[in-house]
Amino acid sequence: MLTGLIAQLLNGVQYGLLLFLISSGLTLIFGVMGVINLAHGSLFMIGAYLAFGVASLTGSLWLALPVAVLGGAVFGAVLERLLFRRFRTRAHLDQVLLTFALILLFEEGRSALAGNQFHSVPVPAVLDFSVPVIGGFGYSAYRLAVLAICLLVAAGLVWLIERTRIGSAIRAAAENTEMLNLLGFDAGRVHTLVFAGGTALAMLAGALAAPLQSVYPGMGDGFLILSFIVVVIGGLGSVAGAFWAALLVGLIDTLGKAYLPQAAGIAVCAMMAVVLLWRPTGLFSRT
Amino acid sequence: MIVASRPGQCVLGAAALGIATMPLWASAWHMQLVSAALVAALFALSLQVLVGATGLVSLAQAGFFGLGAYTVHLLGSPPVWITLPAAMLAAGVAALLIGPLALRTKGFFFLMTTLAFGQMLFFAFHDTPLGGGTDGLFIVRPSLGFTVSRAGRPAVFLLLNLGVLAIVYGGLCWLMSTMLGHALQGIRSNENRMAALGHNVQRLKLIAFVLAGALAGLAGHMSALTDAFVSPDLLGWHRSAEALLMILLGGIGALHGPILGAFALVAIQEAGSLLSDRPRLVEGVVFLAAVLFLRQGIAGWRLPWRTRP
Amino acid sequence: MMRAESLIKRYGGLLAVDQVSLSLDRGTLHAVIGPNGAGKSTLINLLSGETSLSSGWVHFKDHDISAWPAWRRGQAGIGRTFQRTNVMRDMTVLENARLAAQARAQFGLLQTAANAKVVQTALAALHRAGLAEAAGAIASTLSHGQARLLEIAMALAGLPDVLLLDEPLAGLGPEETAPVANLLRDLARDHAVLLVEHDMDVVFAVADVITVMVDGRVLATGAPNEIRTSAIVRDAYLGHSV
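Residue numbers (my numbering), protein chains in the order written: chain A, 1 to 287; chain B, 1001 to 1309; chain C, 2001 to 2242.
Don't take every hint at face value.
[Claimed, not checked] Below are the DSBU-like pairs computed for lysine-lysine, each with C-alpha atoms no more than 35 Å apart in a straight line:
hint : chain 1 : residue 1 : chain 2 : residue 2
1    : C       : 2061      : C       : 2117
2    : B       : 1106      : C       : 2117
3    : B       : 1106      : C       : 2061
4    : A       : 257       : B       : 1106
[Claimed, not checked] Stretch-level coverage of chain B by chain A, calculated; a stretch enters the list once three of its residues show a Cβ under 8 Å from a Cβ in chain A:
hint : region
5    : 1094-1105
6    : 1224-1233
None of these hints come from the bench; they were simulated from the model. Virtual Cβ for every residue (Gly too), placed ideally from N, Cα, C.
Model the full structure from these sequences, guided by the hints.
Given below as structure tokens:
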């Protein structure tokens, strides 16, 4: 019972950290560019399929991680230059429909290239063992590795946002787009950078998640909804807020699914409702 | 909000008459197709109360639609004069519970919270026995008060859906001419100024949200009645996005826009599945083209009956 | 009619409005002047409910309305205009005025928007503001001067007891100023008017009472003559600008 609980808590934290990789991109893209990206969950799905593809071709998941990050950055930059740039100033409705169209196209592309079956990606052999944790039970070494990688990425992201010049530009842009030009940054390049970074993070999350769950059509959908809830709870444009909110949502969703499967989906939404009642702009918003 | 001018209403009326005569000349399959478009139009029209009239883009609408559809099943298919108001009531009450929370937020946050609440309704049917399984289930049709033969069904449901759509459209035309309708349009245009003028903006938005929810429930009810089938997918947010697309296709600035858009979308989907084995791809390309190039929708094409707001 | 006591608005460490008290009465035009950043617009926002008070009280008629939201104050009879034109841009002038009129009138929401009484009120307001002939124009097509008048007309169509006017003359040319100044004088006959304005000639010509604000605080309050001759005011404010 207790060991089971510890395992679920670890699962929850690890799930929350994956959620953070996705939602930090979502919150930054909206904060800096003012664009709603419903296709963000599909980017996660593409990352998972990319990992599946690379792993089945080369037999190495480790290769898939840099491929997902670099591929994601390039893909994101292309998407931003070709499409999202034009939608920065458009109505929310147009952004919703643009990204919904992208979801359909991405899912169809996935269906054409990889079919509609469920696939599984094997855990890398090096990490295919259990680590004894308190209470004498074993916990998957790969899950611990995912946890560590996510924490490293999160720390790197916080350092980037809080300590570097480009980070201060991103923070300034999240408050006011005009600020970028005042600070002497090329706003267009910052936008491309943020979008590419967000895409890379989402695809990295997909690649990391691939061995943890099946790779299947529409796998990004659940993540999309949860990341939206994370952004609402954490406050728009706040990376720190996204971090704590992602952990909270990850824990509640995981524990809910383990102990009360009928109510897991509702519990997270109910929590969001409580936050909205209490602080309509999120827990970590500046206003 | 552009309510079609007199010539425009004549064209809409003529189209309705044409549909009404379909039982005399069209095949059952065509009638079913048009029936589906009528239900889709009803659903998109319910969302237009929020999007076009009030300026609120909601992704929770499919939740209310599905709730209306499931009401038929959960009540055990009593006669239709019970299921119809019950479906509207259930969806309306759900909107009344969700609305005050979602309306605390604006813009992007409103989108995301309505998405989450819509998905909450989805999960309520997808993850629990309430929905009768993730693949959905066939239901017993409520009695209409007279017996309908299997062969007569397409015609009867076609006329029924047409009648309901006509009544709802007429009702909304009237609503747009009332003080409430004008106040909603004022909110779409400039919410803060409306508040400064003394309009209780939150209450007005809630009225629109609940009305839209109840009408979506009605659309869901007609869908369950027509198809005798319900599934959790009816509540998924993809359906809400599709309804938004119908509005964009048809014209966001016109009350009849969603009707045109629903027919256009059903036609596109049908053509897509006839012409290619990847209809979703066709749909995605059309969406992309529509959002890139079709800014005013079909209703915005320069036609002689277009009137000023 | 309307009384403000010890209003304070704090933004972080900044005191935008600091211990401001004033009262407005029917038939009196009370002008508030002061350099940019003195807290004049914030003061109007505190009175109209757009901004919430940090502390202090606002009384209107016999009610403590300090905690009322903007819409409730508007409905109770507090009308305002905005420094930057803030109207329903895609609607006609008449529709803008009608929305103002129907907010105040306690009609059922399901009555026709073309209700005779509402239209009459709206037209009367447009007429008084001198905008009657532009009634059918879309608001976004108005000239700047006309848009300023529409701001006033919308405030009037709500049949307010108190008018809070935030720089109604902003951006008007010399030949447009005189009729608006006359209108302000005329409005003060049957309303309690608070006027925030930078045009000193107009302020001293039309005001009954003038309050001078600097750095969020009231420096002096008095009749135009007292203000004009006050040494403190001249040193602190009029000194640099006149």
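The hints, checked one at a time:
For a cut-off of 35 Å, the pair hint linking residue 2061 of chain C to residue 2117 of chain C stands: about 26 Å separates their Cα positions. Note on residue 1106 of chain B and residue 2117 of chain C: the hinted pairing holds, with a Cα-Cα distance of about 34 Å set against a maximum of 35 Å. Between residue 1106 of chain B and residue 2061 of chain C the alpha-carbon distance is near 33 Å, which keeps this suggested pair within the 35 Å criterion. For the proposed pair residue 257 of chain A and residue 1106 of chain B, the alpha carbon gap of about 31 Å is at most 35 Å, so the pair holds.
With 4 residues having a Cβ less than 8 Å from any Cβ of chain A, the region 1094-1105 of chain B passes the three-residue criterion, so the hint holds. Only residues whose beta carbon comes within less than 8 Å of a beta carbon in chain A count, and the region 1224-1233 of chain B has 0; fewer than three means the coverage is violated.
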